[in-house]
Amino acid sequence: MNQASEFFTVGEAVADAKAPAGPIAERWEQRRFSGRLVNPSNRRKLRVIVVGTGLAGASAAATLGELGYRVSNYCFQDSPRRAHSIAAQGGINAAKNYRNDGDSVHRLFYDTVKGGDFRSRESNVHRLAEVSTEIIDQCVAQGVPFAREYGGLLDNRSFGGAQVSRTFYARGQTGQQLLLGAYQALERQVGAGAVELHTRHEMLELVVVEGKARGIVVRDMVTGDISTEMADAVVLATGGYGNVFFLSTNAKGCNVTASWRAHRQGAYFANPCYTQIHPTCIPQSGEHQSKLTLMSESLRNDGRVWVPKERGDDREPADIPEADRDYYLERRYPAFGNLVPRDIASRAAKAVCDEGRGVGPGGLGVYLDFADAIGRLGEPAVKAKYGNLFDMYERITGENPYERPMRIYPAVHYTMGGLWVDYDLSSNIPGLFVTGEANFSDHGANRLGASALMQGLSDGYFVLPNTISDYLADGPFEPVPDTHEEVVAARKAVDERIAFFLGNDGDRTVDSFHRELGKIMWEYCGMERSEEGLTKAIGLVRDLKDEFWKRVKVTGKAEELNQQLEKAGRVADFFELAELMCIDALHRTESCGGHFRAESQTDDGEAKRDDENFSYVAAWEYATEAPVLHREALEFEYVKPTQRSYK
Amino acid sequence: MKFSLRIWRQPSADAEGRMVTYVLDDISEDASFLEMLDVLNEQLIAEGEDPVAFDHDCREGICGACSLVIDGQPHGPQAATTTCQLHMRKFKDGDLIDIEPWRAGAFPVVRDLVVDRTAFDRIIQAGGYISAPTGTAPEAHSVPVPKQDADAAFTAAACIGCGACVAACPNGSGMLFMAAKVAHLGLMPQGQPERHTRVLGMVAEHDASGFGGCTNAGECSAACPKEIGLDVIGQLNRDFRKAAVRAA
Numbered sequence: 001m002n003q004a005s006e007f008f009t010v011g012e013a014v015a016d017a018k019a020p021a022g023p024i025a026e027r028w029e030q031r032r033f034s035g036r037l038v039n040p041s042n043r044r045k046l047r048v049i050v051v052g053t054g055l056a057g058a059s060a061a062a063t064l065g066e067l068g069y070r071v072s073n074y075c076f077q078d079s080p081r082r083a084h085s086i087a088a089q090g091g092i093n094a095a096k097n098y099r100n101d102g103d104s105v106h107r108l109f110y111d112t113v114k115g116g117d118f119r120s121r122e123s124n125v126h127r128l129a130e131v132s133t134e135i136i137d138q139c140v141a142q143g144v145p146f147a148r149e150y151g152g153l154l155d156n157r158s159f160g161g162a163q164v165s166r167t168f169y170a171r172g173q174t175g176q177q178l179l180l181g182a183y184q185a186l187e188r189q190v191g192a193g194a195v196e197l198h199t200r201h202e203m204l205e206l207v208v209v210e211g212k213a214r215g216i217v218v219r220d221m222v223t224g225d226i227s228t229e230m231a232d233a234v235v236l237a238t239g240g241y242g243n244v245f246f247l248s249t250n251a252k253g254c255n256v257t258a259s260w261r262a263h264r265q266g267a268y269f270a271n272p273c274y275t276q277i278h279p280t281c282i283p284q285s286g287e288h289q290s291k292l293t294l295m296s297e298s299l300r301n302d303g304r305v306w307v308p309k310e311r312g313d314d315r316e317p318a319d320i321p322e323a324d325r326d327y328y329l330e331r332r333y334p335a336f337g338n339l340v341p342r343d344i345a346s347r348a349a350k351a352v353c354d355e356g357r358g359v360g361p362g363g364l365g366v367y368l369d370f371a372d373a374i375g376r377l378g379e380p381a382v383k384a385k386y387g388n389l390f391d392m393y394e395r396i397t398g399e400n401p402y403e404r405p406m407r408i409y410p411a412v413h414y415t416m417g418g419l420w421v422d423y424d425l426s427s428n429i430p431g432l433f434v435t436g437e438a439n440f441s442d443h444g445a446n447r448l449g450a451s452a453l454m455q456g457l458s459d460g461y462f463v464l465p466n467t468i469s470d471y472l473a474d475g476p477f478e479p480v481p482d483t484h485e486e487v488v489a490a491r492k493a494v495d496e497r498i499a500f501f502l503g504n505d506g507d508r509t510v511d512s513f514h515r516e517l518g519k520i521m522w523e524y525c526g527m528e529r530s531e532e533g534l535t536k537a538i539g540l541v542r543d544l545k546d547e548f549w550k551r552v553k554v555t556g557k558a559e560e561l562n563q564q565l566e567k568a569g570r571v572a573d574f575f576e577l578a579e580l581m582c583i584d585a586l587h588r589t590e591s592c593g594g595h596f597r598a599e600s601q602t603d604d605g606e607a608k609r610d611d612e613n614f615s616y617v618a619a620w621e622y623a624t625e626a627p628v629l630h631r632e633a634l635e636f637e638y639v640k641p642t643q644r645s646y647k
Numbered sequence: 001m002k003f004s005l006r007i008w009r010q011p012s013a014d015a016e017g018r019m020v021t022y023v024l025d026d027i028s029e030d031a032s033f034l035e036m037l038d039v040l041n042e043q044l045i046a047e048g049e050d051p052v053a054f055d056h057d058c059r060e061g062i063c064g065a066c067s068l069v070i071d072g073q074p075h076g077p078q079a080a081t082t083t084c085q086l087h088m089r090k091f092k093d094g095d096l097i098d099i100e101p102w103r104a105g106a107f108p109v110v111r112d113l114v115v116d117r118t119a120f121d122r123i124i125q126a127g128g129y130i131s132a133p134t135g136t137a138p139e140a141h142s143v144p145v146p147k148q149d150a151d152a153a154f155t156a157a158a159c160i161g162c163g164a165c166v167a168a169c170p171n172g173s174g175m176l177f178m179a180a181k182v183a184h185l186g187l188m189p190q191g192q193p194e195r196h197t198r199v200l201g202m203v204a205e206h207d208a209s210g211f212g213g214c215t216n217a218g219e220c221s222a223a224c225p226k227e228i229g230l231d232v233i234g235q236l237n238r239d240f241r242k243a244a245v246r247a248a
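Which chain is which? The protein sequence lines are P and L, in order.
Residue 139 in full-length UniProt numbering sits at position 139 of the first sequence, with consecutive numbering throughout.
Residue 159 in full-length UniProt numbering sits at position 159 of the second sequence, with consecutive numbering throughout.
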């Protein structure tokens, strides 16, 4: 299937032209030296647009402002502090080796490449590991209240399958505290006049002029005004696209529109099928469900996962004796037990539920049991560690997890795929940079726990501000008038789409389409994918998309706060993305990381990679007929690909 | 479950608003409050009416976007719970529920239940940070922080900036929000150099933004979904007095 088919064509290979050579530990230093700089007095002549205010966006906007560039920062929320990074619970990795347990930059690099199932770039991942230590220093200096030991030094924990304790955390709210640190740095620059902040503004189109990204079209979500904002460079820090599944752990507003609009303008979209399904979420309770809530992975440090040994055993969990329980992770993966990586834990949960041994409504759940931990450590110690998570569980389910095991089930959580970028975080459109979850570059086919916060801040604080200068050194670029044909065309596209939605004589709500699309994606492009299922899904998505454009109903006007109109545009883009995700998943006939193909598994049901045919990044180019596949070959000089084993 | 909802409808900032009654049937007790409103909106769209606008995003109690006064209480009847985490099982079948936006001079209504809280961002701009430009940081372990200080700082920093404190305050004061940030940063050794300028700057912006003064009513803390305590206000007052004397 990695040859052209009815669904796609194959174009020329793509290469990361900015990747430096030489010993891996010296590449980042070398690139910082070889990249050109911008004289401090010239920086104020250069305008940079940053879209998004999560960890990757706020940190980039603040840092670029500190450096002296003129920054315009946009977010669709009412405040930058609401960006979804705020919800990250577990922690942030850094190779500080404060525990003297054998950690090092090289080990974090190694673990991340291996954890990504050998589908990421060695150079990028090594840089991430190097920068990780600076991030902790930076956040501590900002006053981020990390957990500390009695001696006043920073506490660490082991997280998500790591055998060293390298995860820094702030109770179960690490993302919140890191984001507030970046948000405060950003607001400081806003107060200083270095950053212009535009909240409740949504980017609806990218403006490309003479091959360069030069601006964006935004809608003021309160007044409905459409405006064109021009700059010397555009940075997208617009997050992931997990909401294509409708139900996910993402915030309701998370969407792919900014990335997708850039993709339609020529930016390659890489590895869209790499989706992370998180094993520990609260199961769905009914059709009204609007999102799924994550229970931090840190719970697996002390909780034990099990289901009844027999199908149809509907006794209360407390009434099921040890002999009748199957602690299936401990049984199948004795070395890592409950701490196996996310993709493995998720698939194992699906497997036992598919066997009919799931618990709770619909049999879609497994127990996460703290009885042993409470017996060993006492309830107060468990409460101190996980109290806020237990409270949240009780609020949502009405059950007390101190007395009754939690029920959990996997849910879509993170998307490793995203816009293709080179080592400088530049997309293939000059002047368009992509950071954080919105790009594809560091996690390969599977992201390890506590690595998303690390990557977002690495990109925003340390990587992009150093690499973007090489591009901006050629600026300031010729001003683009509002009357330029590309600008007019971009605005027109936005105006027409809005006019269509409001004028369409439809009878179905946007949400009803989104829900149905999500079900198709979860069924056929979720935890397990097959040729038959994916082929079917492409047909279903196309049919539903046609129906969407015929029957979608949006009330209200354009010149007002209109939440249905906002949603309609986002769901329209999700339809196109969904099709590309299925095509990408279909063409990749191997299993790797979060992408599990039913046809490619070992005798004992583990994912089987196909390095000979698929050791590449799939970078997709938009085309009206069928997308074009550009392959970027992956080379591994330092970590030799092996079959992952957590047994 | 069946509910009657009386909801504040206001088409735009300048338009007049009023309470409108809707009846909703067949709601699951496992639905969250916002999911209940989703169902209402689907129903309204089907009938060709404008759906009710409300702010929401993460729906897991951490982003601080959701903001409804439910039966007179910001975030509703359940303690330490944001609206998005409130579930219908906390209500009785057949209940009449009043739903209003935050009401405070500094938070003008944008539409229906959506208000403008950018005044909070301005307070942060006026000093709610530690000046530590990227790259200037010393090694993280160079400054130990006593665990009790770090824990207390975290407790204050848990504020989600939702504005329930302002909505609950009879004076529409933003004191608890502001004091939580002053306490968080003032408890960390890194926050000491700017401790005095911070509190002066933030208080000046707070007053300029139209928030009312604090008269120790204590309603803010009772309404806070993150249970930020009144002690942070004491800390702000002490810091403010010291800073004012120094500045004089």
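Hints in this document: simulated from the structure, not taken from any laboratory.
It is possible that some hints are incorrect.
To be verified - Chain P regions said to be covered by chain L (calculated; three or more residues, Cβ under 8 angstroms): (1) 365-375; (2) 554-564.
To be verified - Lysine to aspartate or glutamate pairs mimicking DMTMM-like chemistry, simulated, CA-CA at most 20 angstroms apart: (3) P:K385 x P:E403; (4) P:K385 x L:D151; (5) L:K147 x P:E403; (6) P:K383 x L:D151; (7) P:K385 x L:D149; (8) P:K557 x L:E42; (9) P:K557 x L:E47; (10) P:K553 x L:E47; (11) P:K383 x L:E42.
Note that the structure is a prediction, hence the values are computed from the model and not measured.
Using N, Cα and C, we set each Cβ at its ideal position, and we do this for glycine too.
Report task. List in ascending order the numbers of the hints, as given earlier, that are violated by the structure. Result -> Hints 1, 5 and 11 are the ones this structure does not satisfy, whereas the remaining hints hold.
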